[in-house]
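J.: Throw the hints in and build the complete structure from the sequences for me.
One line per chain: the protein sequences are G and L, in this order. Mind the numbering: the first sequence is residues 1 to 381 in the working numbering, read in order. Mind the numbering: the second sequence is residues 1001 to 1183 in the working numbering, read in order.
Misleading hints may appear alongside valid ones.
To be verified - Chain G is nowhere near these chain L residues, computed Cβ spacing over 10 Å in every case:
#	residue
1	1009
2	1022
3	1024
4	1028
5	1042
6	1043
7	1044
8	1055
9	1059
10	1074
11	1092
12	1096
13	1099
14	1114
15	1146
16	1149
To be verified - Lysine to any residue pairs mimicking SDA-like chemistry, simulated, CA-CA at most 25 Å apart:
#	chain 1	residue 1	chain 2	residue 2
17	G	178	G	149
18	L	1152	G	308
19	L	1152	G	62
20	G	182	G	277
21	L	1094	L	1113
22	G	242	L	1090
23	L	1152	G	66
24	G	242	L	1017
25	G	242	L	1009
26	G	182	G	150
27	L	1094	L	1144
28	L	1152	G	332
29	G	50	L	1075
30	L	1094	G	47
31	G	33	G	3
32	L	1094	G	175
33	L	1094	G	311
34	G	33	G	358
35	G	50	G	66
36	L	1094	L	1142
37	G	182	L	1003
38	G	182	L	1004
39	G	50	L	1148
40	G	50	L	1151
What the hints contain is simulated information worked out from the structure, not anything from laboratory work. Idealized CB from N, CA, C, for every residue including glycine.
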Amino acid sequence: MTLKTEPFVVNVGPQHPSTHGVFRLRLTLDGEKIIDADMVMGYLHRSMEKLAEERTYTQNIPFTDRTDYLAAMTGNLAYVIAVENLAGVEPPERAQWLRTIMSELQRFASHSMAIGIFANDCGAWQTPVMHMFRDREKILDLFEMACGARLTTNYMRIGGVSRDIPPEFMPTATKLLKDLPKRLDEYENLLLENEIIVARSRGVGVLTAEQAMAHSVSGPMLRASGVAWDIRKADPYAAYDKLDFDIAVGTHGDVYDRFVVRVAEMRQSLHILEQALEMMPEGPVNAMQPTATVQPAWSAPTGPLAIRPPEGEAYARIESPRGELGFYLISDGGPAPFRFHIRSPSFINLTPLALMTVGSTVADAIVILGSVDIVVGEVDR
Amino acid sequence: MSMAAGRPRSTLNITGLQIAHLIEQRFPGAVLDAAPEAATIDPARLIEVCTHLRDDPELRFEFLSSLTGVDRLDSFEVVYHLESIRLNQMTTIKVTTLDRENPVVPSVVPVWPGAHLQEREAYDLLGIEFDGHPDLRRIFLWEGFAGYPLRKDYLVGPGGRFPGLERFPGEAGDDMKDIRGTQ
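T.: Rendered as structure tokens:
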């Protein structure tokens, strides 16, 4: 006797712990095998690109916090570098170092969330992520000291940063840098060779180097596939050209390698921070003091203080915790960008999701999506 | 896993004029316009040019960094930021379509699969159709959404005002009344 069978559709999300936000995955199943994966996104679409066309360059900085809300500092940085390229502004030395320090603190905080929640997806329910939250809190405290906000920092400015760090920042950061390596040892012991994580992730969701490059995948995902491509090395911005660090590269391109690459990058971030705190010079923190730090009056945002870059276009990209974060700006000489486009790594890294999930099981799909490390605010913008 | 040290270097930016020259040598007549920012390619020859840019051993642009749709008021433009990971260089090319009613450009998904979601985004928000795209559907907005919001003429406001066109109408004058509507 033959049984009549038909494909079965399962909706993962929009409200599901594994989607890390409001993101929906429609899986078509044949038994437990996935035969098709369709992404449904846009639940968090706020049309930032349209909003930005009606606001001045300085007013747009807070939007860049709210795309990738787990890495606001790098979002700010990519945008202000694009405006600086457009307007031809060179930030002072100390600002470059402050940008580097904040970016690396942010990378550590963002990666700790990535691996903590990834452990959640693997079945280590909540314990690792609570440990990660503990360390991330300390970093957010540092951000609060520097700019008054923990998540939506709005710290970078066109031509530098909004303000210098307060005197208590350095001792706190130095003390934190003494503690974090021990914590990281602990996590490596706990997670790297953990039987559950290894069994769930090794050989799952494999992406070869050629596939990863063809699908415009960037960041830890690309490096896990064996491509040593890091914009901090390939096209240094801020103060990265003066720092000594290594790029973590995986070999198999599977979920496990993505996880290991992130852990290794956290170690490198600490190494960078140690050097940067030592080497940071004194000096001014903003090249365009009046224009960039004094906000134009609310009643006249396009007044004499507004920045008006000359007609032209600029594309700037940096290495955000999730990958290559780019901003493409077109200026028509006015006080607001004519076109404001975000090349968001979370969004583009999802391109090969069907390629990675088709043929595997539902349980694997959850882990694969976790390894992409999306932030839905950045996917949908 | 391994660690690669690597020396810091800068990405070489091949300007629009240089890339236009290189393309013109191989495909005479394929470049319609060249500016320092980008070379504008004839849409009919986009695929062969892009395939060449990807496969040429001197260029090797195997990584499509970003694809952007732009409303230029009289035309639509699609901007491709290309990167070569092996040779650490980047360049920018564009295609333009003058048809505002039914803008169509060829899809580059066969050359760079990484364009898949980005072309869907440009279609969703600007209404640019990509001929040859395997699965061209709206992505952020739902099927049936009226209009394309990133177009400059989207939603004509009260009094025939185009919010996307007349940015900062109070700029020359006094206040923000025009922007926020009459209150």
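J.: Are any of the numbered hints broken by this structure? If so, which, sorted upward?
T.: 1, 11, 14, 16, 24, 27, 32 and 36
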